[in-house]
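Protein chains in written order, with our numbering: chain A, 66 to 201; chain B, 150 to 277.
Derived from the structure by calculation, the hints contain no laboratory data. Mixed in with the good hints there might be a few duds.
[Unchecked claim] Looking from chain A toward chain B, a few residues come up when the C-beta cut is under 8 Å (computed): (1) Ala93; (2) Val99; (3) Phe109; (4) Ala120; (5) Ala125; (6) Ser128; (7) Ile129; (8) Ser140; (9) Val150; (10) Trp174; (11) Trp184; (12) Ala187.
We put the beta carbon where it would ideally sit given N, CA and C, even for glycine.
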Amino acid sequence: MTAPRVPRVVRALHEARFVLGEYVLRFALGGVVVAGFSAIGELFSPKSFSGLFGAAPSVAIASIGLSFVTDGAGSVAIAARWMAVATVAMFAYASACVVLGGRARIPIWLAAVSSWLVWFAAAGGAWLLLHGSLAS
Amino acid sequence: MKLPTLAPHQLGRVKWWEYALRFAFGGAITLVASLVAKHWGSGAGGMFLAFPAIMPASLTLVKQHDGRSSAIEDARGGRIGAVALACFALVVAATATRIAPISVLVLAAIAWLVVAVAGWLVVDGRRG
Chain A
66 MTAPRVPRVV RALHEARFVL GEYVLRFALG GVVVAGFSAI GELFSPKSFS GLFGAAPSVA
126 IASIGLSFVT DGAGSVAIAA RWMAVATVAM FAYASACVVL GGRARIPIWL AAVSSWLVWF
186 AAAGGAWLLL HGSLAS
Chain B
150 MKLPTLAPHQ LGRVKWWEYA LRFAFGGAIT LVASLVAKHW GSGAGGMFLA FPAIMPASLT
210 LVKQHDGRSS AIEDARGGRI GAVALACFAL VVAATATRIA PISVLVLAAI AWLVVAVAGW
270 LVVDGRRG
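Using the sequences provided together with the hints, build the complete structure.
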């Protein structure tokens with residue numbers, strides 16, 4: 066007796082639903098953790114202390130937690146190594162925000178958004194420099 | 150030495166849509182990190198775990214509530230947060246394949262908190 070054949074379309078739809086479900090879960094979990102850390106940051110004064118929570122590992126906690134289940138511990142370790150590399154870019158980004166934000170003529174939102182270029186430049190540079198020697 | 154204080158009344162000043170905005174940015178970058186990891190590997194995806202996705206929204210909202218100098222102070226705190234984030238990542242990298250996932254996350258979160266608070270006390274707390 067052979068197992069009933071599942072039409073390819075049905076299988077594809079089933080897989081798509083699974084993948085979509087994972088993405089929805091990642092979006093929801095990431096959003097909740099980030100909003101939660103922001104709320105914790107709001108609880109404190111002064112603002113430089115609250116700012117610590119703006120660079121909290123909120124996205125990482127959500128992503129890494131799910132990646133343990135979907136991709137395994139080996140992938141998590143690789144992702145964490147590169148995350149450590151990218152924190153240099155995060156530091157450069159925050160420094161750019163401090164410098165550009167200090168110029169009264171530049172709106173703060175523009176200072177913060179344009180500083181993303183600094184992040185991409187620093188992260189891209191680190192990637193080019195290290196991806197030959199660090200597993201990716 | 151200046152110490153951080155609890156100011157729960159500040160929570161009430163934040164409007165629901167401001168949390169929704171942070172939710173959307175946070176969800177979006179988590180999704181982007183996962184898509185990048187699927188297409189270009191775990192390393193590339195890992196880099197986006199240190200992408201400052203919500204900082205523009207946060208700084209803009211801080212500026213609206215407390216003024217420009219507070220927003221700059223917030224960004225200054227982000228620099229210490231970045232150093233603490235590096236410690237979080239290094240703890241995960243060192244322990245991910247050795248201990249249970251929940252222990253990895255708890256240990257890394259403790260490392261982040263200790264370094265973030267200690268860093269803030271050393272850099273900003275001393276300004277008194």
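Against the structure, the hints:
Of the supplied interface hints, the one on A/Ala93 holds, with its beta-carbon coming within about 6 Å of a beta-carbon of chain B, less than 8 Å. Using the Cβ-Cβ criterion of 8 Å, the hint placing A/Val99 at the interface with chain B is satisfied: the shortest such distance is roughly 2 Å. About 5 Å separates the beta-carbon of A/Phe109 from the nearest beta-carbon of chain B, less than 8 Å, and the hint is met. Because the smallest distance between the Cβ of A/Ala120 and any Cβ of chain B comes to about 3 Å, under 8 Å, the interface hint for this residue holds.
Nearest Cβ of chain B to the Cβ of A/Ala125: about 4 Å, under the 8 Å cut. The hint holds. Using the Cβ-Cβ criterion of 8 Å, the hint placing A/Ser128 at the interface with chain B is satisfied: the shortest such distance is roughly 5 Å. Given hint, A/Ile129 at the interface with chain B, holds; its Cβ is 6 Å from that chain's nearest Cβ, closer than 8 Å. With a cut of 8 Å, the hint placing A/Ser140 at the interface with chain B holds, because the nearest CB-to-CB distance is about 4 Å.
With its C-beta approaching chain B no nearer than about 7 Å, A/Val150 sits inside the 8 Å limit, and its interface hint holds. Given the 8 Å rule on beta carbons, the hint for A/Trp174 holds: about 4 Å separates it from the nearest Cβ of chain B. The closest approach between the C-beta of A/Trp184 and any C-beta of chain B is roughly 6 Å, which is under the 8 Å cut-off, so the hint is satisfied. Because the smallest distance between the Cβ of A/Ala187 and any Cβ of chain B comes to about 10 Å, over 8 Å, the interface hint for this residue is violated.
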